[in-house]
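Here is how the chains run, residue by residue.
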Amino acid sequence: MSVNLLTKRLTLDNFILEMMSIPPQDLQIEQLQDLVGQLDLNDTLLRQHISFSDRTYARKLLCRTSRFDMLVLSWHPGQFTTIHDHAGALNVTRVRSGTLTARLFEVYDERSDREKLVRVIDEEQLGRGGLATVDRHHIHQLANTSDEKLVTLHVYAHPLASINVYCPNSGQVDRVALQYTLEQ
Amino acid sequence: MSTTIAIIGGGFSGTMVAAHLLRKATFPLDIKLIERRPAIGKGVAYGTKYICHLLNVPAAKMSAFPDDPEHFLRWVQKEEISRGNLVPSGVQPNTFVPRQIYGKYIQAVLDEAEIAGKENVRLERIKNEAVSILPDGNGATISLSTGQNLRVNKVVLALGNFPPSDPFVQDKSFYTSLRYVSYPWSAQALSDLEQDDAVLLIGSGLTMLDLAVALKEQGHAGAIHVVSRHGLLPYPHKFTKPYPTFLNVETAPKNIRALVKLVRQEVKNAIAQDCDWRAVLDSLRPITQQLWQQLPLKEQRRFLRHVRIYWEVHRHRVSPGVANTVSEMLHSGQMVVHAGRIQGYDEDDRAVDVSLRKRKISHKNYAGEESGNTSEHEVVRVQRVINCTGTECDYRKFGHPLIQNLRSHGFIRSDALAIGLDVAPNGALLDVDGMVSQILYTLGPPRQGRLWETTAVPEIRVQAAALAEELLGMKV
Numbered sequence: 017m018s019v020n021l022l023t024k025r026l027t028l029d030n031f032i033l034e035m036m037s038i039p040p041q042d043l044q045i046e047q048l049q050d051l052v053g054q055l056d057l058n059d060t061l062l063r064q065h066i067s068f069s070d071r072t073y074a075r076k077l078l079c080r081t082s083r084f085d086m087l088v089l090s091w092h093p094g095q096f097t098t099i100h101d102h103a104g105a106l107n108v109t110r111v112r113s114g115t116l117t118a119r120l121f122e123v124y125d126e127r128s129d130r131e132k133l134v135r136v137i138d139e140e141q142l143g144r145g146g147l148a149t150v151d152r153h154h155i156h157q158l159a160n161t162s163d164e165k166l167v168t169l170h171v172y173a174h175p176l177a178s179i180n181v182y183c184p185n186s187g188q189v190d191r192v193a194l195q196y197t198l199e200q
Numbered sequence: 012m013s014t015t016i017a018i019i020g021g022g023f024s025g026t027m028v029a030a031h032l033l034r035k036a037t038f039p040l041d042i043k044l045i046e047r048r049p050a051i052g053k054g055v056a057y058g059t060k061y062i063c064h065l066l067n068v069p070a071a072k073m074s075a076f077p078d079d080p081e082h083f084l085r086w087v088q089k090e091e092i093s094r095g096n097l098v099p100s101g102v103q104p105n106t107f108v109p110r111q112i113y114g115k116y117i118q119a120v121l122d123e124a125e126i127a128g129k130e131n132v133r134l135e136r137i138k139n140e141a142v143s144i145l146p147d148g149n150g151a152t153i154s155l156s157t158g159q160n161l162r163v164n165k166v167v168l169a170l171g172n173f174p175p176s177d178p179f180v181q182d183k184s185f186y187t188s189l190r191y192v193s194y195p196w197s198a199q200a201l202s203d204l205e206q207d208d209a210v211l212l213i214g215s216g217l218t219m220l221d222l223a224v225a226l227k228e229q230g231h232a233g234a235i236h237v238v239s240r241h242g243l244l245p246y247p248h249k250f251t252k253p254y255p256t257f258l259n260v261e262t263a264p265k266n267i268r269a270l271v272k273l274v275r276q277e278v279k280n281a282i283a284q285d286c287d288w289r290a291v292l293d294s295l296r297p298i299t300q301q302l303w304q305q306l307p308l309k310e311q312r313r314f315l316r317h318v319r320i321y322w323e324v325h326r327h328r329v330s331p332g333v334a335n336t337v338s339e340m341l342h343s344g345q346m347v348v349h350a351g352r353i354q355g356y357d358e359d360d361r362a363v364d365v366s367l368r369k370r371k372i373s374h375k376n377y378a379g380e381e382s383g384n385t386s387e388h389e390v391v392r393v394q395r396v397i398n399c400t401g402t403e404c405d406y407r408k409f410g411h412p413l414i415q416n417l418r419s420h421g422f423i424r425s426d427a428l429a430i431g432l433d434v435a436p437n438g439a440l441l442d443v444d445g446m447v448s449q450i451l452y453t454l455g456p457p458r459q460g461r462l463w464e465t466t467a468v469p470e471i472r473v474q475a476a477a478l479a480e481e482l483l484g485m486k487v
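Protein sequences, first through last, are from chains A and B.
So the number in the numbering used here is just where the residue sits in the first sequence, counting from 1, plus 16.
So the number in the numbering used here is just where the residue sits in the second sequence, counting from 1, plus 11.
Since the hints were derived computationally from the structure, they do not count as laboratory data.
Predicted, not measured: the structure shown is a model, and the values here were computed from it.
Any given hint could be a false lead.
[Unchecked claim] Computed cross-link-like contacts, DSS-like style, restricted to lysine-lysine with a CA-CA straight-line distance of at most 25 angstroms:
1) Lys138(B) to Lys115(B)
2) Lys309(B) to Lys265(B)
3) Lys76(A) to Lys408(B)
4) Lys35(B) to Lys76(A)
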């Protein structure tokens with residue numbers, strides 16, 4: 017690989033170059049995890065995308081290329097995502113500050129394509145620098161179950177157009193198109 | 012048919028309500044104790060990993076049960092028989108025990124109550140987070156963050172203390188820096204520090220002292236700057252002979268100026284009789300809530316504005332051991348206390364320059380150190396800034412989904428002083444129209460507006476016992 021192996025901190029520019037050098041069909045979750053693990057977390061651009069909202073966790077698109085999306089999510093204590101999968105995209109999440117709760121789910125009753133009942137099979141807590149990986153068809157949920165604010169960095173490869181959301185009570189699966197909050 | 016009571020929050024308040032329900036229920040009861048942290052009973056206060064974080068009250072006064080004052084002392088001494096000394100010289104009635112141990116005690120109290128409870132009284136510990144509550148005519152539906160719903164008859168919000176708010180500055184961009192720790196109890200608050208790094212602690216209360224002694228415990232050698240508006244530190248405990256009650260609730264003045272004057276006068280009398288000011292303040296403890304309640308709102312506001320800071324440092328005292336450690340840090344010059352406000356931050360690759368606007372009046376703290384008044388502005392250069400300003404209690408500011416949800420539906424409202432929630436005398440919450448709920452109850456810190464004195468074990472244990480009786484319909 018390139019010069020980045022020499023520096024511990026990967027700048028955003030170099031991250032983009034690295035990602036563009038790997039053909040999308042060859043990208044492995046381990047490679048993505050490696051690269052996200054090297055990103056500079058005190059990056060000014062990243063910091064500009066931190067913003068908390070009282071209504072729900074705030075999701076800000078930091079960068080989108082043909083190969084990936086990079087987002088910064090800011091969470092008050094108690095905020096959480098739906099239970100969802102990424103419709104075929106790889107995802108690595110890195111904790112910038114605070115503690116992230118990552119839950120993994122499995123389908124235990126598949127009634128149809130659009131009706132699947134899920135249950136938690138794993139839950140882990142990740143501290144600063146911690147990485148959570150979600151493979152192409154994993155079903156997961158992220159939450160801030162701590163007492164302090166949480167900031168996380170998310171990379172999705174390929175860019176996310178939609179996700180599948182699982183209703184824990186009815187089992188209904190809905191495809192939801194994603195909207196991003198762009199910089200003001 | 013069985014009744015279901017949900018308790019949201021498994022810190023001291025919630026765990027004690029559960030324990031009392033287990034002990035007192037005489038009919039089939041399901042108790043659901045919902046806590047998002049891995050451990051029940053520890054809360055923020057007793058979940059610390061530092062052994063130097065001591066209780067701020069001696070062992071003989073920390074019983075979980077108001078009617079059995081020696082309960083904690085007996086438990087801790089029994090623990091010592093099986094596990095060896097928990098503190099170097101063994102726990103005596105006046106020992107300040109590490110807070111970790113108290114967390115274990117609360118767990119033991121709950122376990123014991125569960126074992127001794129009747130067969131048809133069941134406790135379920137739910138490790139999850141409640142994100143909404145929808146009360147209706149005969150109960151409430153609680154939604155958890157993983158999507159399940161619980162149907163219950165009554166709900167106790169045992170929410171404890173909330174994190175501090177970031178101190179106000181014009182340019183808030185520094186608050187996104189990795190050099191800034193917004194939550195002092197964060198597991199990472201003191202990690203990745205170089206031994207010689209300079210640290211700024213914002214706030215000078217008990218939380219600041221906890222951070223300072225934790226820095227000491229991990230061998231920190233760098234400068235520790237402390238800034239707070241008045242630069243006042245909590246006073247240490249001292250064992251003194253008790254002082255007789257000098258105020259009668261009925262005849263006590265209903266304004267703050269006269270009350271302060273009376274207390275000051277009494278302190279003078281006490282010192283003349285070779286008594287300590289601490290004993291005078293302690294004699295007020297049993298009637299503090301009543302004195303508070305009979306003050307008009309205007310006077311309560313006046314107290315918060317002018318007297319609170321002095322009340323806090325005299326009333327919420329620290330163990331002599333911690334005070335000694337901090338005194339040494341002050342005398343050696345490692346710790347410097349600044350009285351004033353933060354004006355702004357200027358960060359570069361290596362550190363952050365924090366500009367302080369200093370207060371004109373100076374005080375002497377218990378270590379004899381003067382704070383303030385040397386120059387009007389000062390810049391301190393530090394590698395880390397930790398917010399120790401104390402718990403935020405304005406419920407209108409919380410982004411937690413549960414609070415958001417209850418507030419947006421009008422099921423709760425802040426008290427008139429916005430230092431807690433509006434609560435009836437029995438602990439039931441008031442909705443936005445002032446209607447007393449038959450479903451939602453609370454105890455501990457959210458009752459601050461009503462009671463003022465409601466954050467420490469001696470008050471909360473009484474509330475927990477009374478609330479359990481209320482929920483079980485044992486009150487006439």
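Verification of the supplied hints:
| no. | hint | verdict |
| --- | --- | --- |
| 1 | Lys138(B) to Lys115(B) | holds (18 angstroms) |
| 2 | Lys309(B) to Lys265(B) | holds (11 angstroms) |
| 3 | Lys76(A) to Lys408(B) | holds (22 angstroms) |
| 4 | Lys35(B) to Lys76(A) | violated (51 angstroms) |
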